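Enquirer: Chain residues, written in single-letter form:
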Amino acid sequence: MHEMKRKPAEIWAVAGGKGGTGKTFVISNLALHLALQNRKTILVDGDFGGPNLHSCFGVKRPKQSLTDFFDKKVSLERLLIQTDIPGLSLIPGNMHSLSSEGIQFTQKVKLFRHVRKLAADYVLLDLGGGTSFHTVDTFLLADKMLVVIIPEVTAIDNMYHFIKSVLFRKLKMLLAMHGLKHLAQDKWNRRKELNIRTLQDLIDSINGDAPVHGHVIREELENFRINIVLNQVRTGDQVPIGVSLRSICRKYLRIDAAFSGYVNYDSMFWKAGQANGFHKTVQRYPQLVHQIKDLINNLTENEPLGISGV
Amino acid sequence: LIELDAAIRKHFQTLEITPDASLGEVKRAYRHLKSLYSKGSVALTPVLEEFGEEINKKILEEIENAYSELISYFQERGEQPPMVDSEPKAAEPRQELKEVTGSALRNLRESLGISLDEIAIATRIGIQYLEDMEAENYESLPPPVFLRGYVASYAVYLSLDPVKVTEEYMRRCQESK
Chain S
1 MHEMKRKPAE IWAVAGGKGG TGKTFVISNL ALHLALQNRK TILVDGDFGG
51 PNLHSCFGVK RPKQSLTDFF DKKVSLERLL IQTDIPGLSL IPGNMHSLSS
101 EGIQFTQKVK LFRHVRKLAA DYVLLDLGGG TSFHTVDTFL LADKMLVVII
151 PEVTAIDNMY HFIKSVLFRK LKMLLAMHGL KHLAQDKWNR RKELNIRTLQ
201 DLIDSINGDA PVHGHVIREE LENFRINIVL NQVRTGDQVP IGVSLRSICR
251 KYLRIDAAFS GYVNYDSMFW KAGQANGFHK TVQRYPQLVH QIKDLINNLT
301 ENEPLGISGV
Chain V
1 LIELDAAIRK HFQTLEITPD ASLGEVKRAY RHLKSLYSKG SVALTPVLEE
51 FGEEINKKIL EEIENAYSEL ISYFQERGEQ PPMVDSEPKA AEPRQELKEV
101 TGSALRNLRE SLGISLDEIA IATRIGIQYL EDMEAENYES LPPPVFLRGY
151 VASYAVYLSL DPVKVTEEYM RRCQESK
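Residue numbers (this note's numbering), protein chains in the order written: chain S, 1 to 310; chain V, 1 to 177.
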């Protein structure tokens, strides 16, 4: 069957600011339900924030991890661990595996090249918290970028900070592509004298020096999509916060943010899942199943939640 | 399909809805955005601290402007003679009532956050008539030949199907006599 050409795997990455917003929870559920929908899925633990992740999916503590891919050139196929759920396998990460400075950008590009060739429909990458260059770079390589957020002001503050880091990095990449590599950094360093306060001011300033490129870059950023997932929703009136976040990203950061879905808060699920395995536990939480399915649907069909649904 | 001009498109974009949105959707979007950027929220606090009030004020002005422009855009279209076949998608009725009664109409209107004054200005129907329509004070209402048009304009403004609403409302009016 090697001759059969399959579509390269689509890579979804989850990252974003603060720890404890439930990134691992959301991405594990996404992976589980994609697999249950007969989509071959590989969950890559690029964070190792959830050391119980493999036990949740009924697999033993792995012996090899991504570190072996980077250091010992072990193939990704050999790292794959089949879970007890058909169509779902894991690639274990290692401490700071993708966010550590030890792994160069070129190595990450190589990782993504190999990941895409894996025999899967979806590869879900858990990048954990933090806004390091390395996390941001890896995030930008994904086909779909997801941020998981909870309705709390510090977490939201962290999310904006993370998105701005991503945008700044993206902007630098775009400028490099257009041969204006040092312009952004130079302007940013002189931001006081140039009266640049925001990323928009920066883009406006670049626009002044290089209008043609400025226009192209602005368009690219306006089409730059971040998918917002609202987690730990406790009351119905918190759902519109997702729409508000989308609006603020659009109006203040001028990117194409999408509100992809929300998940209710349930403290019991995580505990039960770790004790009994995800697959069994999830069936006792029909609302969660429903919300994850909606989320998958919105993400795969590109039909995020709109403002008129509020 | 009617080609929308760029300015109208921009207004829909400002309210973060697609150009095929109904009047009800325009109102809901406006209410959400206005409340978000004027009253503040857990989502806005961090950016306000960073960007300052000035940008926020500009955003609010844009929202207000887009809303009033879209309202007149819908009014202009509401006053067009009903052409069921060529009716653009945006004018498609999106709201529905189980039963067309005066109080059901009032409840829907209030749930959409629309005042009688607003309808009176938009439809050029006297506010007293609108009140009587909702209260089903049939004696005070104008003769059916006028009333029919009033009910239709009112229904269009609430994104209801004007034909259906008028029919049912008039039948109810007849039956009460």
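Read the hints as simulated data drawn from the structure, not as lab findings. Just so you know, these numbers come straight off a predicted model, no measurement behind them. Glycine residues also receive a C-beta, built at the ideal position from the N, C-alpha and C atoms. Do not take every clue at face value.
In the SDA-like style, the derived pairs of lysine to any residue whose C-alpha atoms are separated by at most 20 Å in a straight line are [what the hints assert, rightly or not]:
hint : chain 1 : residue 1 : chain 2 : residue 2
1    : S       : Lys164    : V       : Lys10
2    : V       : Lys34     : S       : Gln238
3    : V       : Lys10     : S       : Arg218
4    : V       : Lys34     : S       : Lys280
5    : S       : Lys164    : V       : Lys34
6    : S       : Lys7      : S       : Gly20
Partial selection, computed: residues in chain S whose CB lies under 7 Å from chain V [said to hold, decoys possible]:
hint : residue
7    : Ile156
8    : Arg234
9    : Asp237
10   : Val239
11   : Ile241
12   : Ser244
13   : Ile307
Enquirer: Each hint: holds or not?
Expert: Tested hints:
1. At most 20 Å may separate the alpha-carbon atoms for a hinted pair to count; lysine 164(S) and lysine 10(V) exceed this at roughly 25 Å.
2. With a C-alpha separation of about 17 Å, the suggested pair lysine 34(V) and glutamine 238(S) falls inside the 20 Å cut-off, and the hint holds.
3. Annotation: proposed proximity of lysine 10(V) to arginine 218(S) holds, straight-line Cα distance about 17 Å (limit 20 Å).
4. The suggested pairing of lysine 34(V) with lysine 280(S) is violated, with an alpha-carbon distance near 44 Å, which exceeds 20 Å.
5. In summary, the hint linking lysine 164(S) to lysine 34(V) is not supported, as the alpha carbons are separated by about 25 Å, beyond the 20 Å threshold.
6. For the given pair, lysine 7(S) sits about 34 Å from glycine 20(S) by alpha-carbon distance, which is inconsistent with the 20 Å threshold.
7. Residue-level restraint check for isoleucine 156(S) holds (minimum Cβ-Cβ distance to chain V is 6 Å; threshold 7 Å).
8. Taking 7 Å as the C-beta contact cut-off toward chain V, the hint placing arginine 234(S) at the interface is violated, the least distance being around 13 Å.
9. Taking 7 Å as the C-beta cut-off, the interface hint given for aspartate 237(S) is violated, the closest approach to chain V being about 11 Å.
10. Proximity of valine 239(S) to chain V is violated relative to the hint, the smallest CB-CB distance being about 11 Å (cut-off 7 Å).
11. A cut of 7 Å between beta carbons decides the hint on isoleucine 241(S): the least distance to chain V is about 5 Å, and the hint holds.
12. Checking serine 244(S) against chain V by beta carbon gives a least distance of about 4 Å; that is within 7 Å, so the hint holds.
13. Given hint, isoleucine 307(S) at the interface with chain V, holds; its Cβ is 4 Å from that chain's nearest Cβ, closer than 7 Å.
Figure legend: structure checked against the earlier numbered hints; hints not met, in rising order: 1, 4, 5, 6, 8, 9, 10.
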